[in-house]
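These are the residues of each chain, in order.
Number of protein chains: 2
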Amino acid sequence: MPMNALYAQSGGVTPVINASAAGVIAAARMHPNHIGRVYVAKNGILGVLHEELIDTSVLTNTDLAQLKATPGGAFGSCRHKIKTEAELARILAVFKAWDIGYFFYNGGGDSADTCLKVSELAEAAGYPLLAIHVPKTIDNDLPHTDNSPGFGSVAKYVATSVREAGLDVRSMAASSTKVFILEVMGRHTGWIAAASGLAARSEGEPPHLILLPEVAVDEGRLLAAVENTVMRYGYCVIVAAEGVKDTHGTFLSEAGGKDAFGHVQLGGLAPYLAGLIKTHCGFKCHWSVADYLQRAARHTASATDLAQAIAVGEAAVKLAVAGQGGMMVTIERLGEVPYTWDIGAVPLGVVANCEKPLPAEFIAADGFGITAAARRYFAPLIAGEAPPPYIDGLPDYGTWVWSIEAPCLPIFKP
Amino acid sequence: MPMNALYAQSGGVTPVINASAAGVIAAARMHPNHIGRVYVAKNGILGVLHEELIDTSVLTNTDLAQLKATPGGAFGSCRHKIKTEAELARILAVFKAWDIGYFFYNGGGDSADTCLKVSELAEAAGYPLLAIHVPKTIDNDLPHTDNSPGFGSVAKYVATSVREAGLDVRSMAASSTKVFILEVMGRHTGWIAAASGLAARSEGEPPHLILLPEVAVDEGRLLAAVENTVMRYGYCVIVAAEGVKDTHGTFLSEAGGKDAFGHVQLGGLAPYLAGLIKTHCGFKCHWSVADYLQRAARHTASATDLAQAIAVGEAAVKLAVAGQGGMMVTIERLGEVPYTWDIGAVPLGVVANCEKPLPAEFIAADGFGITAAARRYFAPLIAGEAPPPYIDGLPDYGTWVWSIEAPCLPIFKP
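Going down the list, the sequences are from chains A and B. For the first sequence, the UniProt record's numbering begins at 1 and goes up steadily by one. For the second sequence, the UniProt record's numbering begins at 1 and goes up steadily by one.
What the hints contain is simulated information worked out from the structure, not anything from laboratory work. Mixed in with the good hints there might be a few duds.
A pair holds if it fits inside one copy or across any two, identical chains being indistinguishable in the list.
The list that follows gives simulated cross-link-like pairs (lysine-lysine, DSS-like), each with its CA atoms no further than 27 Å apart [claimed, not checked]:
no. : residue 1 : residue 2
1   : Lys356    : Lys117
2   : Lys96     : Lys413
3   : Lys318    : Lys413
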């Protein structure tokens, strides 16, 4: 009897993480001699700890197609870092109880660490487990892969939004708003913010200034750049990564003042910058914080990103069937014009808890823009449209109510 | 010799205002016996005051097609309320100098007032001018028209974004963010916020709470509703209109505390609500301010909205050719299932400086949701997709550099 597989989603979700799930499930069904049932843990690793498992054999091909077209984490995800030996032991106990021989964990750098720990524990215990990490992060900060599924779609959303909002500001700047600030995600790296630079096709087009965590923000230099941009082009569009820091290493978002309750404003970077620029330059400012809108925007997903999200799921199954555990699937760039890519793999040990910053050669000399090399890297990742089906004027996303398998083990008390 | 026409864009721009411009220009070309050249004032009425006119005969049919697919105000718009007799007299002087017999003004309620004043002044001066207002506002607050071009696309964007972000929050709520707040535009009315209610197809789907300017926010009731929603569904998605007020009539955005410079935070409604909910309920909150992203999102325009934006432009020309000045074009709803509509017109005097609030029968009894009547009203306005062409993964929007006609008159000094 072949052993069963378990798939789980971990960390912040993306517009295409469910496409990876569909890739895993569909590919596993092609190998009935190797893989028995495919279970999914509800809410990521929490579903393993609490033994809340979903049997995916209920999913039809129509469900799998709809998964590919639905953003968010259809099975639930979580932010939970495994801290204790008891938790690790519990995971192994649940795997044993459900005869899990394959563990497909779909996440970013933190999750790769969990995947590695589970893999090592199983090996130490002599339990036959192939743990394979399926990469996913909008932040694009996973090392040893050319890019991470989820990023291309968010990059496409942000570049599209900047191009659109830029046209708005441009048309009103003569008598109204002169500065527009878009705050984007990316944690400690500037991949997303940098990719917004694709919106500009020629000199003077937005975004005019990109603020990256990789370049400390000197407020004097920034204000001078804003004034210079407004003088030159009549308006200034700024994209700011949430993780930007000042020259003392302090997050600018933490400088954003306190709210009515005296709490430091979280994610208050854009309003902080607007206040700074209004005060020192006198320009009317508008600002936007895209937050989850960027991370869930399946309606403007990149076709390249979608294809890669599916491919990494399928490749994880191929690795498993080939007996290669303790690995993360990677995306390899083979050529740039035309863009070609393939799937690879690296040992989990070199991936876990690593962050890949934006390379210095992607950042323009003044620190406020991107280079031609960056454009060459980003361009293919946002290529192609992959709209979801629409019903009644809105994307027809799936929402599933899962039935949870009856547990085998006693309740886990951490 | 037929007299010339002048078209201008006014106030906040929309995803489809350029489609109205294309409608006016294309329709005017069909009536060479009535209408000579079609000029456009750069940056709205400011372009009239400063005699900065663009001759649209340079526009090819390809340009007109691209105008229909490009957000923002391609000719520039402005926020400028005519205040003095000298300004009005200047407008008339420019019209005389350029032999303008037709004035097509594309704006909202404030602009309708300008259009009316210009029309009345011309009449009093015995100058033959047909002034026709082409409606446009994302706020949907123009009276005497079923809806306003621009609104349907913004409604579609907001409902799409709420459905997407809702899936994101839902998938993470077990261990992370439980409350998500999206701040949307709409000035003093709740049309945009209310339309987001279309995202929910069944009980319990986001948005769970809609905060409308038409319903004073009692913070205690709001906090109880948030707690109740999280208890029931595990998470809570809130859409808040920028113009919501508390029970004392104060804008909640002004209660949002001060920024680092001691200034009241503009548009700080979403972070204010997040702080309030975090403090009183203890839930992790995320928030987004869509700002110009919603107003410029041509990539997700409503096909209905686009068709109506073109139609009101064309209809303005038909009114002009029929000799009917001092009017605003309107959209009339003829039937709901199937949705059918036609074009009408009302005298400008009944439109200018009026705001149409969300009707009471569109607001659910608890003040936090929309009724079936509201859904019937909103549903057809977001129907149909009308994506722009894409190049290199991004919408291929037009950007024009206009050549300005040499002025005839001395420089205007207000």
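Violations among the numbered hints, reported as their numbers in ascending order: 3
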